[in-house]
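Engineer: Next come the chains, spelled out residue by residue.
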Amino acid sequence: MPKLELLQGTLDLLILRTLLWGPAHGHAIALHIQQTSDDVLHVETGSLYPALHRLERQKWVAAEWGRSGKGKRARFYSLTVEGRRQFAHEQTRWEQLSAAIGRVLRPVEGRS
Amino acid sequence: MSPEERDKELEAELQFHLDEEAERRREQGAPDADARKAAQRSLGNLLQIKEATRVQWTWHPLDQWKLDIAHGWRQLAKNKVASCAAILSLALGIGAVMSAFRLVDALLWRPLPIVEPDRFYAITREGVGPSGQFRISESSSYPLFREMREAVAGRAEFLAVSYAEHADLTYQTDAEMEKAYRQYVSSRLFASFGLRAAAGRLLTDSDDRQPGAAPYAVLSNQYWRTRFGADPAVVGRRFRIAQTEWEVIGVLEGPFTGTEPGTMTDIFVPMSMASPNSLENANSFWLRTFLRPAAGASVPALYEQLNAIYIHHERERARHFLDFPKELLANFPTDQLRVHPAAAGASTLQSDHRTALLALGALAGLVLLAACVNAGNLMLARALSRSREMALRISIGASRTRLIRLVLLESVWIATIAALLGGVIAWQAAPAVAAQINPASDPARLYLPADWRLFAFGAALTAAITGIFGLLPALRASGIQPSGALKGGDESHRRGHILHAMIAAQAAFCAVVLLAGALLGASHKKLASQPTGFRPDRLLAVEAVAKSPQPPVYWSQLAERIRTMPGVRSVEISEWPLLSGEMSNRFVAFDGGPPVRTLTYFYRVSPGWRDSMGIALLRGQDLQVSDTFPHTALVNEAFVRTYLAGREPLDLRFTIGGKDGQRIPIRIAGITADARYNNMREPVPPIVYAPFLGVDQAGLEQPMRRATLNVRLAQEEDGGLAAGLRREVSRFRADFRVTNIRTQQELISMHTLRERLLAILSLFFSLTSMLLAAVGLYGVLDYSVLQRRREIGIRLALGAPALRVTRGVAGRTLAMTACGAAAGTATGWAGYRYLGSLLYGVRLGDWMYLSLPAAVLLLLAVAAAIGPVLRAVRLDPLQTLRAE
Numbered sequence: 001m002p003k004l005e006l007l008q009g010t011l012d013l014l015i016l017r018t019l020l021w022g023p024a025h026g027h028a029i030a031l032h033i034q035q036t037s038d039d040v041l042h043v044e045t046g047s048l049y050p051a052l053h054r055l056e057r058q059k060w061v062a063a064e065w066g067r068s069g070k071g072k073r074a075r076f077y078s079l080t081v082e083g084r085r086q087f088a089h090e091q092t093r094w095e096q097l098s099a100a101i102g103r104v105l106r107p108v109e110g111r112s
Numbered sequence: 113m114s115p116e117e118r119d120k121e122l123e124a125e126l127q128f129h130l131d132e133e134a135e136r137r138r139e140q141g142a143p144d145a146d147a148r149k150a151a152q153r154s155l156g157n158l159l160q161i162k163e164a165t166r167v168q169w170t171w172h173p174l175d176q177w178k179l180d181i182a183h184g185w186r187q188l189a190k191n192k193v194a195s196c197a198a199i200l201s202l203a204l205g206i207g208a209v210m211s212a213f214r215l216v217d218a219l220l221w222r223p224l225p226i227v228e229p230d231r232f233y234a235i236t237r238e239g240v241g242p243s244g245q246f247r248i249s250e251s252s253s254y255p256l257f258r259e260m261r262e263a264v265a266g267r268a269e270f271l272a273v274s275y276a277e278h279a280d281l282t283y284q285t286d287a288e289m290e291k292a293y294r295q296y297v298s299s300r301l302f303a304s305f306g307l308r309a310a311a312g313r314l315l316t317d318s319d320d321r322q323p324g325a326a327p328y329a330v331l332s333n334q335y336w337r338t339r340f341g342a343d344p345a346v347v348g349r350r351f352r353i354a355q356t357e358w359e360v361i362g363v364l365e366g367p368f369t370g371t372e373p374g375t376m377t378d379i380f381v382p383m384s385m386a387s388p389n390s391l392e393n394a395n396s397f398w399l400r401t402f403l404r405p406a407a408g409a410s411v412p413a414l415y416e417q418l419n420a421i422y423i424h425h426e427r428e429r430a431r432h433f434l435d436f437p438k439e440l441l442a443n444f445p446t447d448q449l450r451v452h453p454a455a456a457g458a459s460t461l462q463s464d465h466r467t468a469l470l471a472l473g474a475l476a477g478l479v480l481l482a483a484c485v486n487a488g489n490l491m492l493a494r495a496l497s498r499s500r501e502m503a504l505r506i507s508i509g510a511s512r513t514r515l516i517r518l519v520l521l522e523s524v525w526i527a528t529i530a531a532l533l534g535g536v537i538a539w540q541a542a543p544a545v546a547a548q549i550n551p552a553s554d555p556a557r558l559y560l561p562a563d564w565r566l567f568a569f570g571a572a573l574t575a576a577i578t579g580i581f582g583l584l585p586a587l588r589a590s591g592i593q594p595s596g597a598l599k600g601g602d603e604s605h606r607r608g609h610i611l612h613a614m615i616a617a618q619a620a621f622c623a624v625v626l627l628a629g630a631l632l633g634a635s636h637k638k639l640a641s642q643p644t645g646f647r648p649d650r651l652l653a654v655e656a657v658a659k660s661p662q663p664p665v666y667w668s669q670l671a672e673r674i675r676t677m678p679g680v681r682s683v684e685i686s687e688w689p690l691l692s693g694e695m696s697n698r699f700v701a702f703d704g705g706p707p708v709r710t711l712t713y714f715y716r717v718s719p720g721w722r723d724s725m726g727i728a729l730l731r732g733q734d735l736q737v738s739d740t741f742p743h744t745a746l747v748n749e750a751f752v753r754t755y756l757a758g759r760e761p762l763d764l765r766f767t768i769g770g771k772d773g774q775r776i777p778i779r780i781a782g783i784t785a786d787a788r789y790n791n792m793r794e795p796v797p798p799i800v801y802a803p804f805l806g807v808d809q810a811g812l813e814q815p816m817r818r819a820t821l822n823v824r825l826a827q828e829e830d831g832g833l834a835a836g837l838r839r840e841v842s843r844f845r846a847d848f849r850v851t852n853i854r855t856q857q858e859l860i861s862m863h864t865l866r867e868r869l870l871a872i873l874s875l876f877f878s879l880t881s882m883l884l885a886a887v888g889l890y891g892v893l894d895y896s897v898l899q900r901r902r903e904i905g906i907r908l909a910l911g912a913p914a915l916r917v918t919r920g921v922a923g924r925t926l927a928m929t930a931c932g933a934a935a936g937t938a939t940g941w942a943g944y945r946y947l948g949s950l951l952y953g954v955r956l957g958d959w960m961y962l963s964l965p966a967a968v969l970l971l972l973a974v975a976a977a978i979g980p981v982l983r984a985v986r987l988d989p990l991q992t993l994r995a996e
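Residue numbers (the numbering used here), protein chains in the order written: chain A, 1 to 112; chain B, 113 to 996.
Note that these hints are calculated values from the structure, not bench results.
Virtual Cβ for every residue (Gly too), placed ideally from N, Cα, C.
One or more of the hints may lead you astray.
Stated by the list, open to error - Listed next, with one range per pair, are the computed distances between beta-carbon atoms: (1) A:Arg67 to B:Thr513: 41 to 47 Å; (2) B:Ala145 to A:Asp38: 26 to 32 Å; (3) A:Asp38 to B:Ser497: 45 to 51 Å.
To be verified - Heads up, simulated DSBU-like pairs for lysine-lysine below, C-alpha to C-alpha not over 35 Å straight-line: (4) B:Lys638 to B:Lys659; (5) B:Lys438 to B:Lys771; (6) B:Lys149 to A:Lys70; (7) B:Lys120 to B:Lys149; (8) B:Lys178 to B:Lys190; (9) B:Lys120 to B:Lys178; (10) A:Lys70 to B:Lys120; (11) B:Lys190 to B:Lys291; (12) A:Lys72 to A:Lys59; (13) B:Lys178 to B:Lys162; (14) B:Lys192 to B:Lys120; (15) B:Lys162 to B:Lys192; (16) B:Lys120 to A:Lys72; (17) A:Lys59 to B:Lys178; (18) A:Lys72 to B:Lys149; (19) B:Lys149 to B:Lys291.
Next comes chain B alone, as it looks inside the complex (with noise of 0.2 Å):
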């Protein structure tokens, strides 16, 4: 029987009762109207009545369940304004803390979409570089991939992929560019992660038997679905990139995407298909290599195996080494090669972001128990007020138990809202934050599912928080003693203690997130501002290639169209931008001597580059049209710093390896100013300013694939003019084409994204925690004021100074909140060197850092304090004394 229909049955059974004392009171005489009262009267209170008959019922336990639900419920719904406090603030943090979780799932927990996931090592190399800083190198070269593959055959596969490149390509013509991801992959990856085919055949081993015999491409199933609509007759359709045409002969089934989390692939093509000197060129790192064992061969074992072929090799390799300094050829190779699990994928987003997305879910973790102390808070207010009715429930049998779970009922269903909540706002906060990893021209691309991994994880974590700021009210409340309780106990005073106590981890929460936040947002900010040395504003980098090399003077005849575009003021020539993060570096030698242990630069660039971009020239002669590399070059103040210190530079020749082992000597003609080359982080390293005009020895001009024009705008907006560049480039000559362009100053911005995201997300997570602590601040001290309004009352009126009333409100309460900072500094200084690589020019020594969370916390204090101080420096003696 349901609750429903038994409380029907009572009153139904109650109701006889009342009609047949009637009845019986008539049938003695009484008149009607008096029968009736006289009945009800001697019945008594109805009410009381059935409360204490439905005691004694038994229940079904689900129907007990469903009971005690609805009563949680019914208390939730009494207090409208603190449940909804408790359950906005909890939703808040339940959400960062679940966006956090998708992040870091997508990026570096989530297992791969393929078979045995755990049977499957990504290789990379670690140790020291020139420059004496730690590097891990997760590339490899093809020929080393290749000897790597045969020493391990048969008892493990060897796996490759290249880097997935962002490629222009055209289903038709060239004037329907469009974009897509496209990797170079071991054939064999498919057969051997166990993925099928949506559509067509898949690659296998004999599409890798020939270089350059299998122009065959297959596409992942999301590009399929968002590109052709999940057309199968995609399948024989042809696209071309660059000069190679390919023909698509399967989609793949399933949500893999590629081994890299942060980049998806959209089209896999054959390793055979890279370029031959790719294949053959044992300095090319391009490739990331995984193992994947068979069933029972060691993985040590097969280390070793890897690690000499390794070692071999580039002892081979540094052999032929034009330039390099004897004293690092000794032990050379300085790096380790490693195995590592890669389970979840190996990509240079997980290396750049993992501690990053790790600190933010650390921070969003604090958040949320700031939060948890505040529902606490009120459902410890709620529980003992609630004391007499527990006290009656104990007194007429209900066991301990019961009553706990009547209580953490409620915090059940503040828990359960606020998670709903929470999970609206990951699932549009997620996405956002990874919107902002990359620049929004090449954004990182998560499989951000709403799957069970986030269900399983949401109901873990509403479960965790629910014992968190649930269990303490209901073992408090239930642990009543009855006889205190219904006489109007003494319970504040040890509530005042729990609540001072969670007043203090508030605070330390608090603490940890502000220096953080501090911390981090100090970090960005330096970064910022670091000087570039150039002048970025209104500057295009715009990258071309020609399909085959074109003699430096094609590229010179372009640049000189495109200046006399309208709205351009200036074009220069260079290699590539600057900032991209592409670099070319050398070792150089002096006097006849040998490399220098440090590496220096190169940047190719036209004459009038320096000038446009607005690096100084500090001495000497600026690159003249008839320079030529190798021959003259302008050197920075760091190349002089590092290597000609006391020297004069000018006119100086310093020496770089050449093809056949000689020295090539190159004249310093002038010196410029330190500017930023492939970074913003690291100091500003030697570098040579050459001529982009190369000859080879016997005088002849190098013809160039690829440069980059710097464009300088008249004005600001380029909206138009990018799609003008793109045609000119086209129309100059058939062969040129436009790969990309960027403004200069997204790809300055681009070295700064990282610390943006985290200053932005840990200032959002400052004010919060911030906003917490204040109205968890708030409501101790107007509950102490509200406990102690007697006391209060009575010292006014016997003529105690305002002031020493206002101590003994908010003296320990502000004590307390002291206590946590200085605990929660105390923790962040002990998490410190976890954030470490995060932070660019700020020390946790400073004491600013330090002291910023006590300040920020006694200020919120302070704050909080005024009101309930108000209220008890101006209570009516009186007014107080009468209401007891």
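So that you can see chain A by itself, here it is in the shape it has in the complex (with noise of 0.2 Å):
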């Protein structure tokens, strides 16, 4: 299968989600997102930090240094609170969304 490139603005949106399980590095997050994926989703390197060191600035995850599974220096994020708020809405948000498209697409049976 294809790997696809992430629409702009569901990036932040699969980071959140990810975050949800628990503090991560960089690398661990692109690698949950790719893999929860089935490998259909790739997270670009050069996309992935800007957002993340975007997020902090929002102040919806935030950073520190602490030691990977193999004992090395990483810089892990965690979700704070005011990102699980704003995760749950942006969650409504793609919700609507993709049911809108999805609607679109395949328009209610019975009319044609």
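With the hints as a guide, bring the two chains together.
Structural biologist: Below, the structure written as structure tokens:
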């Protein structure tokens, strides 16, 4: 299956969703998105880090240095309270959006 | 967190990502080297990621500033040659403006270091003198001062100071004579100014109570430090000036050196110690008077009172005038009393040099503006070459103010460095210019500190010029339309307009400077080449005094004795050196009529003086040894022209007023050619050359206290001779002494010093602004060739004549230069009247002066165009088109 580029604005949502599981560093986040999407969604590093730092600026995630599973120094990101609220908000918006797109793509039966 | 730390963290974070990715690939079975490479590939362009991430950071405002300032510096360092050119030209301009500010501030603006300088007023008289020209008299007599002081007592303090005198004094014996500036002051002055003593005590009211009773002196702090190394033991020391022995009773605290900017008084002595004649004589004007109103007292009301006293006093005085024309007496005094705020003091230097210094300041400002145009030009070119960067910044969300700041900071760098360099220039230049204001033997002493006033001015100036040359480029750069700029849009046309407007402005600034420079230069040339009417070469003016008035025969013997000294060709006696500024005038009468209204100038000389000075005797007979004053005299041509047109002057008698009111006749023995008397500017007035030998009505010879020996040397050099002359005079008789030796050349050049200074500095400013204009023009022409190389290439390839291409390249620039020159000349025309009093014998109406700026600027433009135009017509069309 070919890899898909992420739609604009959806990367933030996926990052926030990933962090619901708990703190993670950048590489782990990218890997998690890739794996849970069965290798369909590929996160460009060139977008990931600017996005992480943007979320940090918006205070939706917090970052601190810790040790990775292999004992190396890594920068871990975790969801803030505000981030959780934002995630809920974004998720609702995404569902409305995808439902709307779905309706457009699959018109209601019996009308044709 | 600092920007550096943050960068390091990002580096570590990305490195961790890289390691982790490589590790993952290894675990999937890739060989180590491949895994690393693959990881790097997957990460992409590391620099780009960093840049994109950094953009997301927010900064502490201070850190943001730090980053932008560093960014500005990097931009500056990128193009070193252009940056240096801009910095140097600005530095020159700033240095000139700051030097001018230091001088103007020291002379005209800086408040005196006294308590409440705003509550300090100078009294002057203004009016039209007998010769018909407007004059301001700053002096008062002691009797007038005393009356005024009493009239305002209780509501204002009335203070007086004498003119500061460069006196000969000695702390030991006559062999160790030295010079210091001594001034008589109202003893009340110190208390009124709130001054304190650093040692001993200051003068108080009691020191002024009795004439001649308080031979006490107060030293200025500056003199105390330079002459005595701030030794407190100086209090109680004695020194002697002429006959009087003085005792130092105290030293001032603080920088106060008198109320006359340009003169620094070293020694203050009480007014009561002035000679009784000065104190009692209502016709002796030797004081500057000042008003210090009490809190709440109305200055206009005080003025009314002073004016009433003044008019009454002067009417009384005029009643005793001997030979004053009746019609002048009717509405005497013609001069109006004036009260001026004098927070910055009052001095002759102020009134003489106010216009000159302000004019120089204005010229310096124009040079700075011309430099600003060049710097602005550079900044504009640079800002537009960065339009893609700007567009990128805008698309990732940078605000407009942020971009303006970014570009402006680069200008701030340039301006700041230039200001520092300019400060160094001003530090050196201001004292150097000040030294040129007066002759070296009696220099203007201005207080030129590097203090907060200078610093504040420098900072304000730097901010202002940054705004002038940096703001427009910053606005242009930040106002870019991202879509257009990224496509490589057509900014060049709009830039062309701005560039040409700037060229026109620069040409206008330059034209004003050139016009002023031409007028001032021509003025000086005219004034300096004025004939004096006598031979000044190898002539020394030796001023001598005796302790008490001495019979004329002693003075003749003294002259005789000097005449025998080796190296001396001739010695003749006169009252004072010609052109030293001193004068003596009277009203003369003819044929028993009333005195005429024009003033006649008198000068008493020894019989051989005229011949030795090289003043031609046109008719009649020279003065003889037996001739005496007031019986026989020579008169000059101007005298004959003014009073005796069409009459036979020889042996005619005119009269002067005698002591008891009767008229004394003087016979005209001969007519001399006109020669300069006390100034170089005005036409030679009617002059009477009378014998030095004076007799009273009983025929007794009048003793003289002082005289000038006019010594003509055999050779130019006088180094050793001056000291020899001093010795010889003292050796002649113990009570004779030399007070001053000056060359006649120095005395003459004294009258052209101001014009010379103006001419030199305006020439310097003219050359500088020409250089700046040339650089600016070259830059613009070069740019327009670069911009249009494609068009030019095509036209040349299609066979267009080189001449037409040339016109396309240089035509508009030349036109703008001409427009600017015309505007500048018009501005100069409007400002001409401010220069008026500084000019001598030149008129702006002359076509030569009016066309000069345009001619020079067009020549410059043509010279600057040669390079770019040659490059344009030599363009290889093929190459140009291929390069596109």
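Engineer: Next, verify each hint and record whether it holds.
Structural biologist: Outcome of the hint check:
1. A:Arg67 to B:Thr513: 41 to 47 Å: With a Cβ separation near 43 Å, Arg67 (chain A) and Thr513 (chain B) satisfy 41 to 47 Å, so the hint holds.
2. B:Ala145 to A:Asp38: 26 to 32 Å: holds, 30 Å
3. A:Asp38 to B:Ser497: 45 to 51 Å: Once the Cβ atoms are compared, 49 Å apart, the range 45 to 51 Å for Ser497 (chain B) and Asp38 (chain A) holds.
4. B:Lys638 to B:Lys659: Violated, at about 43 Å.
5. B:Lys438 to B:Lys771: holds, 18 Å
6. B:Lys149 to A:Lys70: holds, 21 Å
7. B:Lys120 to B:Lys149: Between Lys120 (chain B) and Lys149 (chain B) the Cα gap is close to 23 Å, so the pair holds against 35 Å.
8. B:Lys178 to B:Lys190: The hint holds at about 19 Å.
9. B:Lys120 to B:Lys178: holds, 17 Å
10. A:Lys70 to B:Lys120: holds, 22 Å
11. B:Lys190 to B:Lys291: Not OK: Lys190 (chain B) and Lys291 (chain B) at ~58 Å, beyond 35 Å, violated.
12. A:Lys72 to A:Lys59: OK: Lys72 (chain A) and Lys59 (chain A) at ~25 Å, within 35 Å.
13. B:Lys178 to B:Lys162: holds, 19 Å
14. B:Lys192 to B:Lys120: Within the cut-off at roughly 30 Å; holds.
15. B:Lys162 to B:Lys192: Measuring from Cα to Cα gives roughly 28 Å; hence the hint holds.
16. B:Lys120 to A:Lys72: Status holds; Cα separation ~16 Å.
17. A:Lys59 to B:Lys178: holds, 24 Å
18. A:Lys72 to B:Lys149: holds, 21 Å
19. B:Lys149 to B:Lys291: Judged against 35 Å, a Cα distance of about 88 Å means the pair is violated.
Against the hints set out earlier in the document, violations occur for numbers 4, 11 and 19.
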